[in-house]
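Here is what each chain is made of, one letter per residue.
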Amino acid sequence: MERIGKYELAAMIILFEVGSSSLFQLGAKANRDAWISMLLAFAAGLLLLGMFLYINGQEGRRNFADTLRRHFGRWLGTLVAAAYSLYFAYESMRNVRDFGDLMATTFLTNTPISFIMLVLILLSGYAVYKGVEVFFRTVGILLPLVGFSYILLIVLFFASDVLRTDRILPVLEDGIAPVLKAVPSIVMFPFGQMVVFLIFWQFAQDKSFVPKVSICAYLVTGTILTILNVCNIMILGAPLAGISSLPLLHAVRMMTIGAFMGRIDAFVVMLLFLALFVKATLWYLSSVVVLGQLAKRTDHRAFVAPAGVLIYFASFLEPNYIYHIWIGIEVSTLRIFPWFQIALPAALLLIIAVKKRRSKR
Amino acid sequence: MNIIHRLFRSGISHKIAAQQLQQAPLQAEELSAELESNVALIKQIFGNSSDLVFRRLTAPIGAGLAVAAVYVEGIVNADKINDHILKPLMQPSENEVASPDGGPFALLWNRILTVGGIQEVTQTPQLFSALLSGQTIVLIEGCSRAIAAETSGGDRRSVEEPRSQNVIRGSKEGFTEDIVVNASLLRRRIKSPNLWMETRTIGKVTQTQVSVMYLKGVANDKVVAEIGNRLNKIDTDSILESGYIEEFIQDATFTPFPTIMNTERPDAAAAGILEGQIAILVDGTPFVLLAPVTFFKFFHSSEDYYHRYDIMTFIRIMRYIAFIMSMLMPSLYVAITTFHQEMLPTTLLISLMAQREGVPFPALVEALMMELTFEVLREAGIRMPRAIGSAISVVGALVLGQAAVQAGLVSAGMVIVVSFTAISNFVAPAINIAIAARLLRFVLIFLAGTLGLFGIMAGLLAILIHMAGLRSFGVPYLTPIAPFIAANQKDVFIRVPWWLMIMRPKLLVQQNQKRQGTTAQAAFASRKKKKSDQKQEP
Chain W
1 MERIGKYELA AMIILFEVGS SSLFQLGAKA NRDAWISMLL AFAAGLLLLG MFLYINGQEG
61 RRNFADTLRR HFGRWLGTLV AAAYSLYFAY ESMRNVRDFG DLMATTFLTN TPISFIMLVL
121 ILLSGYAVYK GVEVFFRTVG ILLPLVGFSY ILLIVLFFAS DVLRTDRILP VLEDGIAPVL
181 KAVPSIVMFP FGQMVVFLIF WQFAQDKSFV PKVSICAYLV TGTILTILNV CNIMILGAPL
241 AGISSLPLLH AVRMMTIGAF MGRIDAFVVM LLFLALFVKA TLWYLSSVVV LGQLAKRTDH
301 RAFVAPAGVL IYFASFLEPN YIYHIWIGIE VSTLRIFPWF QIALPAALLL IIAVKKRRSK
361 R
Chain S
1001 MNIIHRLFRS GISHKIAAQQ LQQAPLQAEE LSAELESNVA LIKQIFGNSS DLVFRRLTAP
1061 IGAGLAVAAV YVEGIVNADK INDHILKPLM QPSENEVASP DGGPFALLWN RILTVGGIQE
1121 VTQTPQLFSA LLSGQTIVLI EGCSRAIAAE TSGGDRRSVE EPRSQNVIRG SKEGFTEDIV
1181 VNASLLRRRI KSPNLWMETR TIGKVTQTQV SVMYLKGVAN DKVVAEIGNR LNKIDTDSIL
1241 ESGYIEEFIQ DATFTPFPTI MNTERPDAAA AGILEGQIAI LVDGTPFVLL APVTFFKFFH
1301 SSEDYYHRYD IMTFIRIMRY IAFIMSMLMP SLYVAITTFH QEMLPTTLLI SLMAQREGVP
1361 FPALVEALMM ELTFEVLREA GIRMPRAIGS AISVVGALVL GQAAVQAGLV SAGMVIVVSF
1421 TAISNFVAPA INIAIAARLL RFVLIFLAGT LGLFGIMAGL LAILIHMAGL RSFGVPYLTP
1481 IAPFIAANQK DVFIRVPWWL MIMRPKLLVQ QNQKRQGTTA QAAFASRKKK KSDQKQEP
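Chains as they are written, first to last, in our numbering: chain W, 1 to 361; chain S, 1001 to 1538.
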């Protein structure tokens, strides 16, 4: 049986959550008050996390597909599990596409995006093939590198004089309404995506550390994301941060430290590379693991190739990056994600709670 | 019927026939009571080999007893044979011969042969293995039992300074080709009855002795059993070096990374054993295997523990950086000059590009060319006779370095990169991990030349995932970083002072983890107590 330690779990949560979220300016609708929306969504996300943790705590070592089957009934449960698998694959495909476009616009402008995404999917497939334990360990090694880099980046932001506090003032100029309007989409992306750990918590070496480690890691990510969000606004100003396709990269380009630290954007692209890789792979892995659980096989490897092919070709469905982002922000986050991140887990929670009550009586 | 049977065998299965042929000399045959027929049998099976010595003599026992001493020249200690076998046989004292009850065999066994290791031999396979391991066989007329007396010796390399793993401070002893000497070197360092040793013979033709040594109570019993299992499964005719054993028992074959460590230094092997590693000694090679091993162990030198901890911490970190450099430098150069020129400061970029102006090849080709050249130089440096060494260095340094740059074939920057890479590759204390970097370097250069930094990152990630999936006898290869074990961090990238390293590294050791303080001895005691309790239970 594969087992993951608490350090690996924390590392995965941090890298996964920071992942693609640092690619976008979250809560751009709230303009310069985006960071307030961030904090509100962060708190709402904590509630969701509590819900996921409760469900997980009730189920012990039972895997996700079996949990669904047990509470939704055999047929409906299977259907829901299959839907989750598909949803995970879709999330993975979104990250693969993000990755492809990031690379094609920054590093490899002459290389076809299909080839870049092929390399990524092969790499992810390799990690997925190696299994849960190996991938979590790999991320455990990456965390110090990525974490150190993000901290360095934030320190550099403060060290160079690009941060201008007047760009986030006045606070709440247009009242609370636009701030609140921006919250739901941030809850769905990235905080609600913690739903994926419903699959992986059961692999923990010792289930007792799961809630504590998960919440701590979640708090760390929320803090990092909020700081980056504020930095983006303070460097670029709300309007530019809102329309820039890669705000973090844009912000980094604005700063110069000494004579030689002028061009660290390649370094930032590498950071985004790692974060997106981790995220795309974890979604891919969860999709494959759920399929394995549905097929009642302990070895999920048979599904690596089919899922990989599906994700790869699905990433070509959208004609261009603009469309991809629009679908992501307008359609997926508000129409698809709530089902899997809120509705279905809430239903599950309700069933579990009712059953528990009945059994007590 | 018999003929059909033979036809069937030889016709259908050549493999079986071949095996039989190979084992033919080892087919058991009882010794006869006639001295001459036994001698003839040995001669026939050895094909009259001239290094086989038959010393026939008539001992003045009773009415004269015909005896033959048989041994293989060169692998025996001639003095010992003369003094303890031939002399007492020829000139037995009166009281030795006085009471010949029990026949000549018992007389020789009990009174005449003054040798410590002695055994009775009645069948040919035993006789041959004794003969070939340096024992002297004493055949007696009228007796179907022979005596094998331990007389092995002969010239072997004495204990010298190890050639491959040099240190400034620390023991200057190195293992030799003799397994007995090697085991004694370890015994002298670990004077504990808990240092256990299991010996088996592997290799149907070479009959090589392979010993497993470990510290009972510290080494993980499961790993010891697993190593024993894997050794027992080896079915080959020859073991000439510990490398053979390594390839037979290692966990992963398709990897450039070694999952078993080897050392020529008894102090390093002893340190490994004390941390719960298991040593595998192979006769005929000074390289002792240590398993299980983690990736980071390959960057630790035994000297790290002899010098000051702060300095060695610095040197250790430098080794890791050098390893990464030796793997990445050329590919980074290729990626930056081909794809990411904007990363360089402008002045440096201008000077680099000015150098490359006259170079006709893309950076990828240039790098591959120079790296290959260097690999050839290095291989030549190892194989060439000493006398022409200076010629190689002249050709290498002047012709391939300076002249190639002047001729405009390569840029000066590339020469610097390749030289630095080459030097940093020699920093790793273990050569087998350095070789892994050497091989991966070419893959990464190729990726850098085609996909730039993206390719390098993808390559590095693939390597990382691969390493995270490796295991060495059940221990994850990247322990204690992935999986992360906080307690083991004292001796990975840094080395803390000795008095802080109270515990042995986890995962290697499951019991008796403490190595300092009184509890270390207490743990040994409790283990013994537990064992005696278990014995009493049934």
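Don't take every hint at face value.
[Claimed, not checked] Lysine-lysine pairs mimicking BS3-like chemistry, simulated, CA-CA at most 27 Å apart:
| # | chain 1 | residue 1 | chain 2 | residue 2 |
| --- | --- | --- | --- | --- |
| 1 | W | Lys130 | S | Lys1514 |
| 2 | S | Lys1506 | W | Lys212 |
| 3 | W | Lys6 | S | Lys1506 |
| 4 | S | Lys1191 | S | Lys1204 |
| 5 | S | Lys1043 | S | Lys1506 |
| 6 | S | Lys1222 | W | Lys130 |
| 7 | S | Lys1490 | S | Lys1216 |
| 8 | W | Lys207 | W | Lys6 |
| 9 | W | Lys207 | W | Lys29 |
| 10 | W | Lys207 | W | Lys296 |
| 11 | W | Lys130 | W | Lys181 |
| 12 | S | Lys1506 | S | Lys1490 |
| 13 | W | Lys360 | W | Lys130 |
| 14 | W | Lys355 | W | Lys212 |
| 15 | S | Lys1043 | S | Lys1080 |
| 16 | S | Lys1216 | S | Lys1191 |
| 17 | W | Lys6 | W | Lys181 |
| 18 | W | Lys355 | W | Lys29 |
| 19 | S | Lys1043 | W | Lys6 |
| 20 | S | Lys1191 | S | Lys1506 |
| 21 | S | Lys1216 | W | Lys6 |
| 22 | S | Lys1506 | W | Lys207 |
| 23 | W | Lys212 | W | Lys29 |
| 24 | S | Lys1233 | W | Lys6 |
Since the hints were derived computationally from the structure, they do not count as laboratory data.
Here's how the hints hold up against the structure:
no., hint, verdict
1, W:Lys130 - S:Lys1514, "violated (34 Å)"
2, S:Lys1506 - W:Lys212, "holds (24 Å)"
3, W:Lys6 - S:Lys1506, "holds (17 Å)"
4, S:Lys1191 - S:Lys1204, "violated (34 Å)"
5, S:Lys1043 - S:Lys1506, "violated (56 Å)"
6, S:Lys1222 - W:Lys130, "holds (25 Å)"
7, S:Lys1490 - S:Lys1216, "holds (24 Å)"
8, W:Lys207 - W:Lys6, "holds (10 Å)"
9, W:Lys207 - W:Lys29, "violated (39 Å)"
10, W:Lys207 - W:Lys296, "holds (22 Å)"
11, W:Lys130 - W:Lys181, "violated (42 Å)"
12, S:Lys1506 - S:Lys1490, "holds (12 Å)"
13, W:Lys360 - W:Lys130, "violated (43 Å)"
14, W:Lys355 - W:Lys212, "holds (26 Å)"
15, S:Lys1043 - S:Lys1080, "holds (23 Å)"
16, S:Lys1216 - S:Lys1191, "holds (13 Å)"
17, W:Lys6 - W:Lys181, "violated (36 Å)"
18, W:Lys355 - W:Lys29, "violated (42 Å)"
19, S:Lys1043 - W:Lys6, "violated (69 Å)"
20, S:Lys1191 - S:Lys1506, "holds (24 Å)"
21, S:Lys1216 - W:Lys6, "violated (32 Å)"
22, S:Lys1506 - W:Lys207, "holds (22 Å)"
23, W:Lys212 - W:Lys29, "violated (33 Å)"
24, S:Lys1233 - W:Lys6, "violated (38 Å)"
Consistency note: the structure conflicts with the earlier hints numbered 1, 4, 5, 9, 11, 13, 17, 18, 19, 21, 23 and 24.
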